[in-house]
Amino acid sequence: MIAADIDRDIAALPEVMRLADAFFDSASAPAARYAVELALEEIFTNMVKYNESGRGAIRVGIDRREDEIVVTLVDPDAPRFDPFTEAPDTDVSASLAERTPGGLGIHLVRKMMDRIEYSHTNRTATVTLYKRVH
Amino acid sequence: MLEITFGANDEIILAGRFDAMEAEKARRVFLTLDDAKTVDFSRLDYISSAGLGVLLAAQKRLSEQGKGLRLVNVNGHIRDVFHFSGFDQVFQIE
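Sequences listed follow chains A and B, in order.
Going by the working numbering, the letters in the first sequence line up with residues 1 to 134, in that order.
Going by the working numbering, the letters in the second sequence line up with residues 1 to 94, in that order.
Quick caveat, the hints were computed from the structure, so don't treat them as lab data.
We treat Cβ as the ideally placed atom computed from N, Cα and C, and that holds for glycine.
Careful: at least some of the hints might be erroneous.
Unchecked claim - FRET-style restraints, in silico, Cβ to Cβ:
(1) B:Gly-7 x A:Phe-84: 38 to 44 Å
(2) A:Arg-18 x B:Asp-34: 35 to 41 Å
(3) A:Ser-93 x B:Gly-76: 44 to 50 Å
Starting from the given sequences, assemble the full structure and let the hints guide the process.
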């Protein structure tokens, strides 16, 4: 398990990626790396962007459990909002003129990870993402 | 880090990571384009939705003048991201 508290700031994104570097340096799972990095970025930046006034750092963890990589992001001071079920999915078949970038990050995470869980208790929002290692 | 340079044929060459940290820098380059352009992805390792958003904005702007971006040497992972996004339908990818 690799984990760290990361400042609620887009400028802290390289620190999130350093966690991924540390994890993949010792995990033999190169095929899962792109999906895990993308999921970390999209969920971390979402938590920062949509909850700027939240207090405390965001806890980011990456773990290997048997044949899965488990990514967790915990915001200790967030209103309840599950982006995977409460935000409208982006329409990937819309014409160029109708396309907007909104919702694309969550859409990609849904496509690239195998399983997603959201929980919210006592203002703490936890997103857990699973990627199978083949 | 994302490196943006111009090649011998005036193509844009992207190298590194096109993520949320780097999107603003890229936006300044892509949103000043006023002509069709080739973008060489051969040295690009990674793109997230932030990078896709910049490319989408440029493509929309160019398409109003009947022009567009042509993306070349796109690696397998990034090709998947374009496919999952439906962006393979709105960009010319070779």
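Now the hints, each set against the structure:
no.: 1; hint: B:Gly-7 x A:Phe-84: 38 to 44 Å; result: holds (40 Å)
no.: 2; hint: A:Arg-18 x B:Asp-34: 35 to 41 Å; result: holds (38 Å)
no.: 3; hint: A:Ser-93 x B:Gly-76: 44 to 50 Å; result: violated (23 Å)
Violated hints amount to a single one, hint 3; each of the other numbered hints is respected by the structure.
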